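A.B. asks: This is what each chain is made of:
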Amino acid sequence: MMKMKKRKKIIKWIVFLSALIIVLVELFPIWIIVSSGFKRDLDIRNNNPFDFKATLKSYELVFQKSDFVPSIRNSLIVGLSSTIISLIFGSMASYGIARFRFKGRKGLSYSFLVSRMVPQIALSVPIFILFDRLSLTDTHIALILAYTSFNLPYIIWLLLPFFSSVSPSFEEAALVDGCNKRQVFWRIFLPLTAPGLVVASIFGFIMAWNEYIYALILTGNATKTAPIAVNGFMGQYAPKWGQLAASGTLILIPIVIFTLTLQKYIIKGLTAGGVKG
Amino acid sequence: MNKSTNMKRLPLRKKRGPFLYFILPAALLVGVVLVFPIIYGFGLSFFHWPQVNDGTRSFIQFKNYLDLFKDQEFWHSLFLQLGFIFIAIPIELIIGFFVAILFNHDFPFSGFLRTLLLLPVFILPILSGLTWKLMLQPRYGAITYLLSVFGMEFPQGILSDQSLAYTAVVIQDIWRMWPFMFMILYAGITSLPKDVIEAAEIDGAGFLKKTFAITLPMLRGTITTAILLRTIDALRIFSEVFVMTGGGPGNGTMLFSLYIHKQAFEFGKLGYASAMAVILIVISLFFAFGLVRKNMDIDTM
Numbered sequence: 001m002m003k004m005k006k007r008k009k010i011i012k013w014i015v016f017l018s019a020l021i022i023v024l025v026e027l028f029p030i031w032i033i034v035s036s037g038f039k040r041d042l043d044i045r046n047n048n049p050f051d052f053k054a055t056l057k058s059y060e061l062v063f064q065k066s067d068f069v070p071s072i073r074n075s076l077i078v079g080l081s082s083t084i085i086s087l088i089f090g091s092m093a094s095y096g097i098a099r100f101r102f103k104g105r106k107g108l109s110y111s112f113l114v115s116r117m118v119p120q121i122a123l124s125v126p127i128f129i130l131f132d133r134l135s136l137t138d139t140h141i142a143l144i145l146a147y148t149s150f151n152l153p154y155i156i157w158l159l160l161p162f163f164s165s166v167s168p169s170f171e172e173a174a175l176v177d178g179c180n181k182r183q184v185f186w187r188i189f190l191p192l193t194a195p196g197l198v199v200a201s202i203f204g205f206i207m208a209w210n211e212y213i214y215a216l217i218l219t220g221n222a223t224k225t226a227p228i229a230v231n232g233f234m235g236q237y238a239p240k241w242g243q244l245a246a247s248g249t250l251i252l253i254p255i256v257i258f259t260l261t262l263q264k265y266i267i268k269g270l271t272a273g274g275v276k277g
Numbered sequence: 001m002n003k004s005t006n007m008k009r010l011p012l013r014k015k016r017g018p019f020l021y022f023i024l025p026a027a028l029l030v031g032v033v034l035v036f037p038i039i040y041g042f043g044l045s046f047f048h049w050p051q052v053n054d055g056t057r058s059f060i061q062f063k064n065y066l067d068l069f070k071d072q073e074f075w076h077s078l079f080l081q082l083g084f085i086f087i088a089i090p091i092e093l094i095i096g097f098f099v100a101i102l103f104n105h106d107f108p109f110s111g112f113l114r115t116l117l118l119l120p121v122f123i124l125p126i127l128s129g130l131t132w133k134l135m136l137q138p139r140y141g142a143i144t145y146l147l148s149v150f151g152m153e154f155p156q157g158i159l160s161d162q163s164l165a166y167t168a169v170v171i172q173d174i175w176r177m178w179p180f181m182f183m184i185l186y187a188g189i190t191s192l193p194k195d196v197i198e199a200a201e202i203d204g205a206g207f208l209k210k211t212f213a214i215t216l217p218m219l220r221g222t223i224t225t226a227i228l229l230r231t232i233d234a235l236r237i238f239s240e241v242f243v244m245t246g247g248g249p250g251n252g253t254m255l256f257s258l259y260i261h262k263q264a265f266e267f268g269k270l271g272y273a274s275a276m277a278v279i280l281i282v283i284s285l286f287f288a289f290g291l292v293r294k295n296m297d298i299d300t301m
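Top line first, the protein sequences correspond to chains A and B.
Residues 1 to 277, numbered by my numbering, are exactly what the first sequence covers, in order.
Residues 1 to 301, numbered by my numbering, are exactly what the second sequence covers, in order.
Some hints could be false.
Computed list of lysine-lysine pairs in PhoX-like fashion (alpha-carbon distance at most 20 angstroms, straight line) [claimed, not checked]:
1) B:K194 with B:K210
2) B:K294 with B:K70
3) A:K8 with B:K194
4) A:K224 with A:K65
5) A:K8 with B:K210
6) B:K209 with B:K194
7) A:K106 with B:K294
8) B:K210 with A:K12
Worth flagging that the hints you see were computed from the coordinates, not collected in a lab.
Quantities reported herein were computed from a predicted structural model and do not represent experimental measurements.
Sequences are here, hints too, so could you generate the full structure?
C.D. replies: Here is the structure:
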């Protein structure tokens, strides 16, 4: 018996050590980008990559002599606006699908789901022409609408299981008390689903934050988003690796917070629509 | 489900009610920013529309499609994009599966370590591409440096060789996405009925037998779903490769998505690019419908 226990303990530590090594190897590239942010461009190019003498020089340059700060502002405006629009219209649509039975209900909801899976690059030409004709390129509105095109269907599908799992008894009671169905949705139902709404909006925001294709074709100097600005440090001739890494580390912060706090919702969000085992 | 009892219990569902109020705004918005572009792009694919000179459009029926079939670079780019499906996804699946089995054991900090593994999945695609580009720089890149310690020298740089560059781009994808497979498979493994596995243990099944004769077959549904999700993803790959190699050297990493971008926004051939876009949409929808048919039902989620 004692021997068994001892063997189990050894296995436990071997498993722990292997898992630790896997995680360390996996995080190596992230460590490279974070540590490079604390080096100067010159030192990165001239030294052994594992030499390390921390300096904030690259961060200083990023904040003082680049378009990174305005690009963060643009990313926040576009990300938050498209998320709010998608959340309002998405929660309404999700409620409509979850609570009403109407002709074409399945067809409509599957179109929402499938349309999200169309690659953005395949839509880039018509989207570009659309906003070009409306003279909206290099405006926040164009990017907000473009981001809504993938955020809205995504949020509809993310919210559906949350919404279906709420018991209709509260709404029924409110109907009996004389509320109409719109009031029931806004005043009774939506507050009940607040946790689902928070998760959906965070997922929506992160998708907009990470987006690159539409930003590439729709933005100019005025509305450049953070990913465009970070890639801008590649420059035309010599890459400014230090500043690129510093700004890259900064735009990674929301992602890290998101991953660490929302861990338990992440599988649901990734598969958007419930995986049956 | 019995329809009549269902309705009795849920008076909300009795009438069709003002569902339009709830559905219409979303449907209109999706119509304008998604459905309209798809239809418009389909229409464009039958036109010759160069963005040079006066930029007049001319209707040319199926000529764009016929030209595509003769375009070597089209086939090459399609081949490279599909390569992700056939090379990267199986490797991601294998790594993800074995790490999921490892994490199915009880050990300290397992929850925290599992969370850390998710970071690469959510890292910005361009940041992943740029990080790998940095690590692969000749001389000062971390990976180039480590390889040189083991006697493997790449004086020209790994990204300036066509097949090495493609390998690097694929490895970048594997790095980012095997934890995705891991998470889905881990969720699958932990939800398997414990008694079946315990019964096998009592019958004296070893690790290999337990894994391949019991766990793996029971996970078949989960694995299919994971593969379909990743396949749809692989058809969307663009940004990370665009910033990492720009499709080069030569056309060594010119994926289908990058070729569409090049034809449209570098050469200004909007009609030709639209024809390629239509082909990409058709391939994506094929897998999307597969996924939906397999395991997404709006009423049983």
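A.B. asks: Would you mind marking each hint as holding or not holding in the structure?
C.D. replies: Against the structure, the hints:
1. B:K194 with B:K210: The given pair, whose Cα atoms are some 12 angstroms apart, holds under the 20 angstroms limit.
2. B:K294 with B:K70: violated (36 angstroms)
3. A:K8 with B:K194: Judged against 20 angstroms, a Cα distance of about 19 angstroms means the pair holds.
4. A:K224 with A:K65: holds (16 angstroms)
5. A:K8 with B:K210: holds (18 angstroms)
6. B:K209 with B:K194: OK: B:K209 and B:K194 at ~16 angstroms, within 20 angstroms.
7. A:K106 with B:K294: This hinted pair holds, its Cα atoms lying about 15 angstroms apart.
8. B:K210 with A:K12: With a Cα-Cα distance of about 19 angstroms, the restraint between B:K210 and A:K12 holds, given a limit of 20 angstroms.
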